[in-house]
Amino acid sequence: MARLLNSQIHAQLQALTEAGRQLGNPRVWDGPTAVQFRTQQWPQASRSLDGALQALQNLQHSSEKVVEDIVRAGTDGTIGTAGGSGPGSPQTGTASPADVAAVTSLSKDQVRLSSNVYNIAYKTENAYTFNAIGGYIHGVQDLAGAKASYHDYSSKAIPELQHIIDTTADPALKVKAQNLLSIIRAQQKALDAVDTNALLDHPDPNVIRQVSAQTAVLTALGGVVTTSITKGGTVGEQFDDKGGVTVFYRGTTYGSASEVVENQALDVDRIIANQRLFPPASGPGVYITSQKSTADYYADLAGGGGRGLGPGTIRIELPPDEFNAFVARTGIPVEAPVPQPPTEGQTETIIPFDNAEEFDAMATYFLEEDE
Amino acid sequence: MSTWSATLLSVPVARLTLDTDLSGDESASHVYEHLRFYCSLIDTLPAVKVTVDANGRAVVSGRRVYARIARDLGRPAIRAVVDAASEPAGVARLLQEPGVEQLSWAEIDAEEREQRVAWMWQVFYFARPLAGAELRAFQDDVVGVFAQVGDLFPEAAEMGTVDQLTTGEEGRRVSFRAVQPTGDQAWMRDYVAAIRRFSAEVVEVVSFQGRKQSDRS
Numbered sequence: 001m002a003r004l005l006n007s008q009i010h011a012q013l014q015a016l017t018e019a020g021r022q023l024g025n026p027r028v029w030d031g032p033t034a035v036q037f038r039t040q041q042w043p044q045a046s047r048s049l050d051g052a053l054q055a056l057q058n059l060q061h062s063s064e065k066v067v068e069d070i071v072r073a074g075t076d077g078t079i080g081t082a083g084g085s086g087p088g089s090p091q092t093g094t095a096s097p098a099d100v101a102a103v104t105s106l107s108k109d110q111v112r113l114s115s116n117v118y119n120i121a122y123k124t125e126n127a128y129t130f131n132a133i134g135g136y137i138h139g140v141q142d143l144a145g146a147k148a149s150y151h152d153y154s155s156k157a158i159p160e161l162q163h164i165i166d167t168t169a170d171p172a173l174k175v176k177a178q179n180l181l182s183i184i185r186a187q188q189k190a191l192d193a194v195d196t197n198a199l200l201d202h203p204d205p206n207v208i209r210q211v212s213a214q215t216a217v218l219t220a221l222g223g224v225v226t227t228s229i230t231k232g233g234t235v236g237e238q239f240d241d242k243g244g245v246t247v248f249y250r251g252t253t254y255g256s257a258s259e260v261v262e263n264q265a266l267d268v269d270r271i272i273a274n275q276r277l278f279p280p281a282s283g284p285g286v287y288i289t290s291q292k293s294t295a296d297y298y299a300d301l302a303g304g305g306g307r308g309l310g311p312g313t314i315r316i317e318l319p320p321d322e323f324n325a326f327v328a329r330t331g332i333p334v335e336a337p338v339p340q341p342p343t344e345g346q347t348e349t350i351i352p353f354d355n356a357e358e359f360d361a362m363a364t365y366f367l368e369e370d371e
Numbered sequence: 001m002s003t004w005s006a007t008l009l010s011v012p013v014a015r016l017t018l019d020t021d022l023s024g025d026e027s028a029s030h031v032y033e034h035l036r037f038y039c040s041l042i043d044t045l046p047a048v049k050v051t052v053d054a055n056g057r058a059v060v061s062g063r064r065v066y067a068r069i070a071r072d073l074g075r076p077a078i079r080a081v082v083d084a085a086s087e088p089a090g091v092a093r094l095l096q097e098p099g100v101e102q103l104s105w106a107e108i109d110a111e112e113r114e115q116r117v118a119w120m121w122q123v124f125y126f127a128r129p130l131a132g133a134e135l136r137a138f139q140d141d142v143v144g145v146f147a148q149v150g151d152l153f154p155e156a157a158e159m160g161t162v163d164q165l166t167t168g169e170e171g172r173r174v175s176f177r178a179v180q181p182t183g184d185q186a187w188m189r190d191y192v193a194a195i196r197r198f199s200a201e202v203v204e205v206v207s208f209q210g211r212k213q214s215d216r217s
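Each protein sequence line maps, in turn, to chains A and B. Residue numbers for the first sequence follow this note's numbering, so the first one is 1 and each next one is one higher. Residue numbers for the second sequence follow this note's numbering, so the first one is 1 and each next one is one higher.
Just so you know, these hints were derived from the structure itself, not from any lab. For every residue, glycine included, the Cβ atom is placed at its ideal position computed from N, Cα and C. Take every hint as true, because none was put in to throw you off.
So these bits of chain B aren't anywhere near chain A, every CB distance computed over 12 Å:
1. Thr17
2. Arg57
3. Gln96
4. Ala157
Rough simulated footprint, nothing fancy, chain B against chain A, three-plus residues with beta-carbon under 8 Å:
5. 259 to 266
6. 296 to 307
Only chain A is shown next, with the shape it has when bound in the complex:
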């Protein structure tokens, strides 16, 4: 137990702290998502990690005391000690399941307090997500490592998702699994297309760091989404301690919707072009609605006559707490009544173009497939 405490967990927490510090440096990673991470998520996570490290030290002292007591009592020492039987030394036994459980429980409880990716990964209690976090820690400056990490993740996630697609009787779950499978394959393809040598020859090392950091974060989050789907839940439920998920829809063409899902980003350029000559009555921005029926109308009109490969509706899932903080900070009215509504109670939410990137960072886009 003491060996565990002194090696893996402590080192991982310290490494995570260091990785967070690096990512908090705008010269390493910058952009709207990075600003959000730097100003809101990392400070909280950092405090929690400090707390976890302190708790770990306390437990180390306790375990050393236990070992001393055992030795004093004259047992043959079935628990490895910090300075005793190291790697390669003969061990007289292994830590008991209870000890391991105590350590595991402690680390989970403490890390659960921390925010952001690490917290989410622990929530899922998923081994390969945790491994992906290893990529996050060690691969910030190593694109090849990030690539390998993503390969590792996708090689496990893809068969799992394919199994769901082949066996589930739940059509909604099947669609989600198909969507995620498409996303993973597309991301894998995009990542494979990155020429490591060309990047390494790039005069600005920050480019490499940015690519690998983003990839590693993507990997970690991807693991969470996969796990969520594997469990048959929604992505939002994994993000939201209180349960539930905030859902919006956007009706467009199948081609455009597929672009959004593949890129996990709204097609702002296309929307700006559409609105350039005739700005909507409620002002420019990305129009979304909580009413799927309304989004389907727009999809049928936009994709009429087979244009854009036909109608397509995007389902947008958001972590409620993050979304609520976002709208509180930006002052965006959520589901405001539509002026002269077609039916009573019809509402819409307009995401200003300037906030679209930040919205993308917290949203997960899915394709609502027609059967």
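For chain A, the structure is supplied; the task is to place chain B on it using the hints.
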């Protein structure tokens, strides 16, 4: 600029493998017969999604209803988005087959974006036949929305507004062709409002463009 990496094909319908267990009646969001009639009016059907195996066999894995309609209507070919789970060697093999053609989404998208307005079919099915006064109200309140398109888009005024308005199914179906803005959602809202108002206040709309009205409530 389009950034979608998927492979897009035009595939002979006869070459598609379609799950024959899927009945059109099982469609949750569409009335199959209504959607088929709507599709019979348009030249280019919505795309299906296919998964291609190592032997080049294209199995319809998404948007199956359009493949079934294409087959029912005797269409020679249909657009197909190749699912990322497909075998690359199988896709290459499929591309060698007669009648299979690779399409460019970027080119299709760019071409369509140039058209701010286009002639588009509108198909409505009602819960009961429209009486004369109800049909006139439909023409004034719903079809009439298209009259403003010419004011918004100069090119629309040159193309016309509405034509080929016909009724069918003993008055339960109304279809017409209209010059419609392709990307202006502000305009669409007025049209959707008019449809919903007519359905609520005059005669219930069962489906629009084949999609069930009940799915829109």
